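Chemist: Construct the complete structure from the given sequences, taking the supplied hints into account.
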Amino acid sequence: MTARDATRVGLVVIVFVAVQQTLMLDLRVGAIHPDIMILLPIVAGIVGGPGRGASMGFTAGLISDLFLPTPFGLSALIGTVIGFGAGAATLALDRTAQWLPPVAALAGSAAYELAYASLGSVLGQPQMLHVQLLRIVLVVSITNAVLAIPAMRLVNWSLPAASTEGVPTSVASSGVLR
Amino acid sequence: MASPRRSRRPRTTLLILVLAAVTIISLDARGGFHRITSGVKTVASDAFAPVRSGIDGIIEPIGSFLAGSVHYGAVRQQNQKLQQEINQLRQAQASQHDIDQAMKQLSALLNLTFVGNLQTVPAEVTNYGTSDFAATIDISVGRNNGVQLGMPVVGAGGLVGQVVQANHSTATVRLITDGQSSVGVRFGPAPGSLGLLTGQGSGKPLDADFVQSNTALTNGEVFTTSGLQGALFPPGLPVARVVSHRNGTASSQETVALQPLSDLAHLRYVSVVLWGPS
Numbered sequence: 002m003t004a005r006d007a008t009r010v011g012l013v014v015i016v017f018v019a020v021q022q023t024l025m026l027d028l029r030v031g032a033i034h035p036d037i038m039i040l041l042p043i044v045a046g047i048v049g050g051p052g053r054g055a056s057m058g059f060t061a062g063l064i065s066d067l068f069l070p071t072p073f074g075l076s077a078l079i080g081t082v083i084g085f086g087a088g089a090a091t092l093a094l095d096r097t098a099q100w101l102p103p104v105a106a107l108a109g110s111a112a113y114e115l116a117y118a119s120l121g122s123v124l125g126q127p128q129m130l131h132v133q134l135l136r137i138v139l140v141v142s143i144t145n146a147v148l149a150i151p152a153m154r155l156v157n158w159s160l161p162a163a164s165t166e167g168v169p170t171s172v173a174s175s176g177v178l179r
Numbered sequence: 026m027a028s029p030r031r032s033r034r035p036r037t038t039l040l041i042l043v044l045a046a047v048t049i050i051s052l053d054a055r056g057g058f059h060r061i062t063s064g065v066k067t068v069a070s071d072a073f074a075p076v077r078s079g080i081d082g083i084i085e086p087i088g089s090f091l092a093g094s095v096h097y098g099a100v101r102q103q104n105q106k107l108q109q110e111i112n113q114l115r116q117a118q119a120s121q122h123d124i125d126q127a128m129k130q131l132s133a134l135l136n137l138t139f140v141g142n143l144q145t146v147p148a149e150v151t152n153y154g155t156s157d158f159a160a161t162i163d164i165s166v167g168r169n170n171g172v173q174l175g176m177p178v179v180g181a182g183g184l185v186g187q188v189v190q191a192n193h194s195t196a197t198v199r200l201i202t203d204g205q206s207s208v209g210v211r212f213g214p215a216p217g218s219l220g221l222l223t224g225q226g227s228g229k230p231l232d233a234d235f236v237q238s239n240t241a242l243t244n245g246e247v248f249t250t251s252g253l254q255g256a257l258f259p260p261g262l263p264v265a266r267v268v269s270h271r272n273g274t275a276s277s278q279e280t281v282a283l284q285p286l287s288d289l290a291h292l293r294y295v296s297v298v299l300w301g302p303s
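Chains as they are written, first to last, in the working numbering: chain A, 2 to 179; chain B, 26 to 303.
Any given hint could be a false lead.
As the list claims (entries may be wrong) - DMTMM-like cross-link-like pairs, simulated, lysine to aspartate or glutamate; straight-line CA separation at most 25 Å:
1. K66/B with E149/B
2. K229/B with D27/A
3. K66/B with D27/A
Unchecked claim - Computed footprint of chain A on chain B; a stretch qualifies when at least three of its residues, placed anywhere within it, have a C-beta under 8 Å from a C-beta of chain A:
4. 155-169
5. 201-215
By construction, these hints were calculated from the structure, which means they are not laboratory data.
What you are looking at is a predicted structure, and each value in this text was computed from that prediction instead of being measured.
Here a beta-carbon is modelled for each residue, glycine too, at the ideal position from N, C-alpha and C.
Modeler: Below you can see the structure in the form of structure tokens.
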């Protein structure tokens, strides 16, 4: 990754943090607010592969943790795994397909919230499983699915062209990835 | 056919980052490192406060528009009704009513008899929680105003919560309804019995622990902070009133549900009590 790419990634992360901490905190659906920081590792996984998805998940998660009252590092851990998972699960798919970002955002966000609540509960915060978990999953997943395509464009602009890292050589050579 | 070969690099990246995150979580759970992460959080919040304030000013109208779009059906119905009924004078009255409500809360905060001689700092509630998984609020005062970690925060009715993050000009307060909150309380005729109120999540009643079975309780009875030595709150702050209680015939404890005395869902102004545990 070049210095220009790193600057662009930094800018995109700052834009996401700013939007999350302002607009998204005001936009509440049934007392639940969307969480677009989860989108970053998911779309980075699709654009750049599992490794970059994991790196973006760790970075975005750690930054999110700075503004959250929940255990520090929890968002980074779940973000890393979700980013890697999004990259790995979409390796063999056509990453330019229009349906892919919303579907990945929907599934990835739901998995993120469930894992976040479960692991938070294990880490001494049992109330995280007693909140309106289903409502949180629905609100966050649907809003992220809606915002997935613009988020994909932003991350696409910041990250270098799709990587073949982690791709089976048979898939990489087939020309599916561009 | 050759079997697919995968690069090991992404898995190595995953392993390293997962280990790093687990290490951070473990270290944060310990006291020493938590102070460092808390400091970093403070720096981040302080650095981001002007950005948040500036962007809020620009995009608040957009947020209101989007929020309106989410409730489009209800808003449209309400709008039709309002268009028939409301004239400019009534809008002015509504606006006046809103100001009156704010004034009422502020006036009530100026006359907090239950805090006694303790000093307080009034604050505006700027945000209702940054996480869907915790019941917290952000307030407009911080260390510059004398606010410190652990200080109690009260509303017009009584205890609201405790400062869990004190930045330079803002602070985060954990509400008493949060699952991590516990408040030592006293109730009943003097000298009073002791108990512990625990939060069950936003909008849910508080639970009382250590209330012996068959304790004489009445609905509406007010529990106040116990202020025992080493307690997290000063004595005598009203916390919650009993809404239901059940005799635990097979249990050694009474099942008691309590409603916070402050309206935690509609807080606009609160006061930070400048008091720390001895």
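Chemist: Run every hint past the structure and note whether it holds.
Modeler: Here is what the structure says about each hint:
1. Pair hint K66/B plus E149/B holds up; C-alpha atoms about 21 Å apart against a cutoff of 25 Å.
2. A distance of roughly 22 Å separates the Cα atoms of K229/B and D27/A; the hinted pair therefore holds under the 25 Å criterion.
3. Simply put, K66/B and D27/A have alpha-carbon atoms about 21 Å apart, close enough for the 25 Å limit, and the pair holds.
4. For the stretch 155-169 of chain B, the stated coverage by chain A holds: 6 residues have a C-beta nearer than 8 Å to a C-beta of that chain, and at least 3 were required.
5. Check result for the stretch 201-215 of chain B against chain A: holds, 3 residues qualifying (beta carbon to beta carbon below 8 Å, three or more required).
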